[in-house]
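Asker: Residue numbers (my numbering), protein chains in the order written: chain A, 1 to 383; chain B, 1001 to 1354.
Keep in mind the hints are simulated off the structure, nothing from the lab. Some hints could be false.
Stated by the list, open to error - Derived pair list, reagent style DSS-like, types lysine-lysine, alpha-carbon separation capped at 30 angstroms:
| id | chain 1 | residue 1 | chain 2 | residue 2 |
| --- | --- | --- | --- | --- |
| 1 | A | 180 | B | 1230 |
| 2 | A | 107 | A | 180 |
| 3 | A | 178 | B | 1230 |
| 4 | A | 107 | A | 178 |
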Amino acid sequence: MNFDFGPASLEYKEQARAFLARELTPDRVTEMDRTGVSYNPDFHRALTEHGWLAPGWPVEYGGRGLDPMDVVAFQEELAEAGAPTYAASTTMMIAGVIREIGTEQQKSQILPRALGGEIIIVLGFTEPGCGSDVAAATTRAVRDGDEWVVNGQKMFTTNAQVADYVFLLARTDTDAPKHKGLTTFLVPLHQPGVTITPIRTISGERTNATFYDDVRVADAWRIGEVNRGWDTMSVALTLERTSATGGEHRRVLAAAERWAAAGAAADGRPLIEDETVRARLARAATEARVARLLGLRSVWVYANGGLPGVEGSMAKLFASEALVRLTDDLALMAPDGLRSDDPLHADVEHGIRRAQATTIYGGTSEVQRSIIAQRALGLPRSF
Amino acid sequence: MDFALSSDQQLLVGSFDALLGKQSRPEEVRAAEPIGFDAALWQSLRRLEPVAMAVPEDSGGWGASMLDLCLIGESLGRHCAPVPVIETQVTARLLARLGRDTVVEPLLAGGVATTAPHPVLRRHGAAAGIARLVPAGAVAGLVLVREGAQLRALRPDPVPVPVPNLASLPLADVPADGGEVLLTGPGALEAFETAVDEWLLLTASALVGLSASALALAVGYAGERTAFGKPIGAFQGIAHRLADVATGIDGARVLVHEAAWSADEGLAAAAERACMAFAFASDVARQATYWAMHTLGGYGVMLEHDAQLYFRRARGWAAVYGDAEAAYRRVAARRYPRRQAPGLTSVTTNKVTS
Chain A
1 MNFDFGPASL EYKEQARAFL ARELTPDRVT EMDRTGVSYN PDFHRALTEH
51 GWLAPGWPVE YGGRGLDPMD VVAFQEELAE AGAPTYAAST TMMIAGVIRE
101 IGTEQQKSQI LPRALGGEII IVLGFTEPGC GSDVAAATTR AVRDGDEWVV
151 NGQKMFTTNA QVADYVFLLA RTDTDAPKHK GLTTFLVPLH QPGVTITPIR
201 TISGERTNAT FYDDVRVADA WRIGEVNRGW DTMSVALTLE RTSATGGEHR
251 RVLAAAERWA AAGAAADGRP LIEDETVRAR LARAATEARV ARLLGLRSVW
301 VYANGGLPGV EGSMAKLFAS EALVRLTDDL ALMAPDGLRS DDPLHADVEH
351 GIRRAQATTI YGGTSEVQRS IIAQRALGLP RSF
Chain B
1001 MDFALSSDQQ LLVGSFDALL GKQSRPEEVR AAEPIGFDAA LWQSLRRLEP
1051 VAMAVPEDSG GWGASMLDLC LIGESLGRHC APVPVIETQV TARLLARLGR
1101 DTVVEPLLAG GVATTAPHPV LRRHGAAAGI ARLVPAGAVA GLVLVREGAQ
1151 LRALRPDPVP VPVPNLASLP LADVPADGGE VLLTGPGALE AFETAVDEWL
1201 LLTASALVGL SASALALAVG YAGERTAFGK PIGAFQGIAH RLADVATGID
1251 GARVLVHEAA WSADEGLAAA AERACMAFAF ASDVARQATY WAMHTLGGYG
1301 VMLEHDAQLY FRRARGWAAV YGDAEAAYRR VAARRYPRRQ APGLTSVTTN
1351 KVTS
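Only chain A is shown next, with the shape it has when bound in the complex (with noise of 0.2 angstroms):
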């Protein structure tokens, strides 16, 4: 057992640090926030110019063939700082779909603009009427010739305004089961019948729903074969297991940290002084310790050859609850953990608004749970 990073690892960290210091500049924090995008042109530019944008990819595709866990030592700096790496991650994703099941034809067309910073993908997935039940989709794709004809509505398509493909889950079969009428598509967003509507959430996080009306795809852009897009889903969804995590919490433990030393409480003693807000301190400090281990040896299960399926949904539930748990604990230490007009204390109030939707985003908590109970402990199906 060995809980330090190796060498390699420790290097690219150190790059990683080096690399925001130049990259996230207070500028491009300030139009992420303004505009609640986890995406920004440059620094996408920058993390594609150095490398960064898929390190863990074989050479032979543009990647740098890095260790899956030197990988997540370098992004779990980035997820650390916070910076905006939401459509690089979900490009990376769909990028990794393609790789693995795509044709020839669409490996050659999409994977150098993926890796090359030139196009962003995201991920059509639920629906108004489905949540975490994706395979309840509606939004049908009809054949008619070499292209399919689309209509419908996909929900939480997040940076759909600044994409140029959403990966889309549709109906090509009502008469079927429901996993089994199901069909991908990378979907061209720049074209008529397409409409992006703007979803604003309590973290200042900026979504949308996407409306398919009449739109068209060409079978060639049809990922994996017709009515088997569960199987592709569920290729997706393992790649999507295996990410740091714990950097949000370190991050708004350590704004609390900032505000403890320098604050008061409500009777005018130092905040750090008082009993109840150091023991809360060092519990979200504990927890925050723990959403880390989980989601390393999660990676580390992936490293070593295997699917981490139940260490992934262990390390994503613990990790969102906790970061419910800590960011409230935290921000409710003192009456100034509401404020939101200083940097001592927005980072704390802004961490409350960005938990919530962590145990709902990629699979609810009842989702991880289930699967856990499941796998883990060999429960019977409880959905």
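Take the given structure of chain A and dock chain B to it, following the hints.
Answerer: Frame of chain A, contents of chain B only:
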């Protein structure tokens, strides 16, 4: 980074699990109540020499790593072993650090020793001059206590009467007057605090094992027992709580392992991490044993079922130090050292390393 046990570590765990699986079954655990000490098991365990393992080689022991000791601790907890291995290990290590090898020797030969985790107070009414609720205090021939900046070795004679308690632990109030002074001054304080940190960490590992056994009991039952025409494990009201418990246990285990590894590596953050592990593991154990008992429904509260064995110990093992809140305050004491002079505001925030 490596989260796996080595093959040697697997063998080590296997040897303890094999012995305890035969000699620390629920019937033996029950038979050792209410005092909570099984002399026959204590003798049998000498074959595996858990105390010698904990003692450094220069003091006549094997010098096992803290990680190995935590793996043993988890096994002891898994079987609710009614033996003061952890208390004796921690005390032997403390004595070895003080260079008292002649006092360590009898512990290698089967003696029971313990260290009172809380200092002895003088101005404390009826408790003045008494080390209260000392773990293994009812069976230990040697009790180390701290009073102020002084560390003393007591040899209570007769051994004080056990205090009946929730967890059926061999607790005793030990009169703390007199005894041999081992060390006085900052060195004594430091040696004592290190011993408490080690005891917290090893107890955390035992709490992880205990929680895992409680969970296994509940999972087994939830898969068999039917209600309203379904196995109760198919109800989210049960399954989801057990999933939370399983996640908490995995989290507590990696935290214990990392803290032990940190101690073995001599990292400055090791003490803070040991306290974190204890605080987190004690919370997890409370939840795990509550949900285990609750999953068994009415059977869970029956004395003849095992759930209550775990439930009571989860609370008792931790409460000897204090609750999770007390442990988090100890984390805070390490993480945010008090300022020496008012007006100097700098809080040390141990940034996550690596």
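Asker: Which of the listed hints are broken here?
Answerer: none
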